[in-house]
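Novice: Here's the letter readout for the chains.
2 protein chains.
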Amino acid sequence: MTEVKFKRLALIGIGLIGSSIARAARKHKLADEIVCAARTADSRRVAKELGIVDMAFESPADAVKGADLVIFCTPVGTYEKLAEQVGSSLEKGAIVTDVGSVKNTVIKAIGPHMPDYVDFIPGHPVAGTEKSGPAAGFAELFINRWCILTPNGQASEPAVERLTAFWTAMGSKVEIMDAEHHDLVLAITSHIPHLIAYNIVGTADDLEDVTQSEVIKYSAGGFRDFTRIAASDPTMWRDVFLHNKDAVLEMLGRFTEDLTALQRAIRRDDGETLFNIFSRTRAIRRQIIDAGQETPEPDFGRVHTSDETPKKS
Amino acid sequence: MTEVKFKRLALIGIGLIGSSIARAARKHKLADEIVCAARTADSRRVAKELGIVDMAFESPADAVKGADLVIFCTPVGTYEKLAEQVGSSLEKGAIVTDVGSVKNTVIKAIGPHMPDYVDFIPGHPVAGTEKSGPAAGFAELFINRWCILTPNGQASEPAVERLTAFWTAMGSKVEIMDAEHHDLVLAITSHIPHLIAYNIVGTADDLEDVTQSEVIKYSAGGFRDFTRIAASDPTMWRDVFLHNKDAVLEMLGRFTEDLTALQRAIRRDDGETLFNIFSRTRAIRRQIIDAGQETPEPDFGRVHTSDETPKKS
Ligand SMILES: NC(=O)c1ccc[n+]([C@@H]2O[C@H](COP(=O)([O-])OP(=O)(O)OC[C@H]3O[C@@H](n4cnc5c(N)ncnc54)[C@H](OP(=O)(O)O)[C@@H]3O)[C@@H](O)[C@H]2O)c1
Ligand SMILES: NC(=O)c1ccc[n+]([C@@H]2O[C@H](COP(=O)([O-])OP(=O)(O)OC[C@H]3O[C@@H](n4cnc5c(N)ncnc54)[C@H](OP(=O)(O)O)[C@@H]3O)[C@@H](O)[C@H]2O)c1
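Listed in order, the protein sequences are those of chains A and B. If you count the first sequence from 1, position 15 lands on 15 in UniProt numbering, and the numbers rise without skipping. If you count the second sequence from 1, position 23 lands on 23 in UniProt numbering, and the numbers rise without skipping.
Watch out, some of these pointers could steer you wrong.
If several chains are the same, the list does not tell them apart, and a pair holds so long as it fits within one copy or across any two.
Stated by the list, open to error - Here are the computed lysine to any residue pairs in the SDA-like style, where the Cα-Cα straight-line distance is at most 20 Å:
#1 K131 <-> P298
#2 K245 <-> A261
#3 K29 <-> G66
#4 K245 <-> D270
#5 K131 <-> G301
#6 K131 <-> D290
#7 K5 <-> K65
#8 K92 <-> E58
#9 K48 <-> H28
#10 K131 <-> R302
#11 K245 <-> T256
#12 K245 <-> T273
#13 K173 <-> R45
#14 K27 <-> V303
#15 K173 <-> Q212
#16 K245 <-> N276
#17 K108 <-> R302
Source of the hints: derived by calculation from the structure; they are not laboratory data.
Please model the complete structure; the sequences and the hints are all you need to start from.
Specialist: Given below as structure tokens:
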């Protein structure tokens, strides 16, 4: 039996993902003690007030002292400097991992700063919402979601098993993958969707012949679906695109090519081509629902009642 | 006071939208009798079994006889032929309207077949889900959603007021607009979102270096959001693109231009441009939520619990 429980879990960054790990680890008793490092006093205060960490440090090096599990939960652009800062403070035998949405550059950013006596295993839970910060997390975030680990030779087999057991205990399904392949897969399943969502919201915002008030009023025609992921954290997503440039540009090229074909079909009144393309796509949603990765409810299960009155916040 | 109640409401087509109108009209007692025409015996049977119509006809001309409110609820590509079929069977003084997602070509398709003694008012409820057919409708669909009317001079003022009262009674907010402007607004808030959703699902389906099983497993990274609207009815959407060609191509041109700028920023490692674009878009979602057009819940209020187990259907 792989021992799942850790003595001290240190989270570097306590936003949506870090705080969700803290909540899930506490709920499932996966660590005796949970500590975090956060940049702002505000996040440290909120994390302590919510009772999701035992201690919150300003210095990442202080946070990792005595920790047998360390998880980087900050935007990937911060990793290199943070790894440099914590490297020499890490405990012998500690497992070091991360949750970053890209993996190839993460290995290059963190790997070189890891002492020989720790096990470093890059990771990525494919789960999230459009919200940020310590208050946005919840213990159920990882349930039924995949967590991808991309070990690169800086970890022992038992360490990988132990980290797998940790994610499994939080409800995740774990997959081992090559970092380069991870970045290609996530480019199409996550990064390009975010890019085109940000893009259409930007396009709509820039129009002169359609007012912003019209865009808002008639957003239920489909547009509002895109505003959800376009409301995600700009720093996190800037870093994702800067750190997964090649795979994103590759997938974007294919997306644009296909869009040009659709454009041509519209211009030529080619209804048959349109119909054929539009007919293929229902099956994929069906499979995603069957795989437990999406709700079977129409309209994402959005509430449709008279209770859905305008709310001010 | 405008009289809202009609003697006989005839729905031509009884899919998602037609059957939602039937349910809402019945619930709010807006018609003494509700009848429909549907193409297939199956839809007619289901509509009757669900008790949402009093009679279901195969012939649209039979359905409109004696009706003082007639609503076209079929794909817009079918309108011209249907209008021709029902024209001479319409009652004197009847109000004729539709729910089509485009308006300019609808006026050209239906308008010429309307006798002088009816009031014709093109309409479009901006509300829907990705589901189709008579079983998919629900009475609450139109609550808090906008319904756009684009009168083109073929209706009297009182008739427009009465139709406005009808939609208001079903929970909608009504806006009067020029048909051409409608088509431009909906191109960006509905048609382009559908086009790019269909497109990315198609692109993902065509990859060789990423398997379909990987696309499905890791869809929670953002991709799954797009599969919802890409699961919409292919016939309806083919017709929308064929019938709103100019506005769609115009908006698509702007979308592509903006996407090229984002692509260039990624290629040049221009983090500042990316950050600035990604920072503008949160505010729009906030306004859509404040306007009551979107749920304030994170992740559309999707359920995140251990109950969310794979379902077979
Ligand atoms: N959001 C998602 O859907 C999702 C999904 C999977 C993976 N991820 C990955 O998870 C990581 C965190 O994302 P998140 O959504 O949890 O972000 P978040 O809610 O914005 O939280 C980020 C955390 O990192 C800290 N931080 C930011 N910049 C820092 C710096 N320069 N030095 C030290 N700490 C810093 C923040 O501290 P302050 O609050 O004090 O500023 C905050 O605690 C990212 O690498 C992302 O790629 C995100
Ligand atoms: N879905 C949305 O989100 C949405 C939103 C706003 C407006 N609209 C507009 O509403 C209209 C209907 O859409 P919907 O979603 O309700 O579609 P739907 O669920 O697919 O239903 C279409 C209905 O039209 C009938 N029909 C189809 N082709 C026909 C033909 N050639 N002759 C006679 N009847 C025919 C169908 O009969 P059978 O079932 O017997 O084939 C069915 O009753 C479209 O014009 C669309 O643009 C849709």
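Novice: Work down the list of hints and note, for each, if the structure agrees.
Specialist: Hint check results:
no., hint, result
1, K131 <-> P298, "between (23 Å within a copy, 7 Å between copies)"
2, K245 <-> A261, "between (24 Å within a copy, 14 Å between copies)"
3, K29 <-> G66, "within (18 Å within a copy, 70 Å between copies)"
4, K245 <-> D270, "between (35 Å within a copy, 11 Å between copies)"
5, K131 <-> G301, "both (19 Å within a copy, 12 Å between copies)"
6, K131 <-> D290, "between (26 Å within a copy, 17 Å between copies)"
7, K5 <-> K65, "within (18 Å within a copy, 74 Å between copies)"
8, K92 <-> E58, "neither (22 Å within a copy, 78 Å between copies)"
9, K48 <-> H28, "within (19 Å within a copy, 51 Å between copies)"
10, K131 <-> R302, "both (17 Å within a copy, 14 Å between copies)"
11, K245 <-> T256, "both (16 Å within a copy, 19 Å between copies)"
12, K245 <-> T273, "between (32 Å within a copy, 15 Å between copies)"
13, K173 <-> R45, "neither (32 Å within a copy, 44 Å between copies)"
14, K27 <-> V303, "between (29 Å within a copy, 19 Å between copies)"
15, K173 <-> Q212, "between (42 Å within a copy, 18 Å between copies)"
16, K245 <-> N276, "between (32 Å within a copy, 18 Å between copies)"
17, K108 <-> R302, "neither (42 Å within a copy, 36 Å between copies)"
Checked against the numbered hints given earlier, this structure breaks hints 8, 13 and 17; the rest are met.
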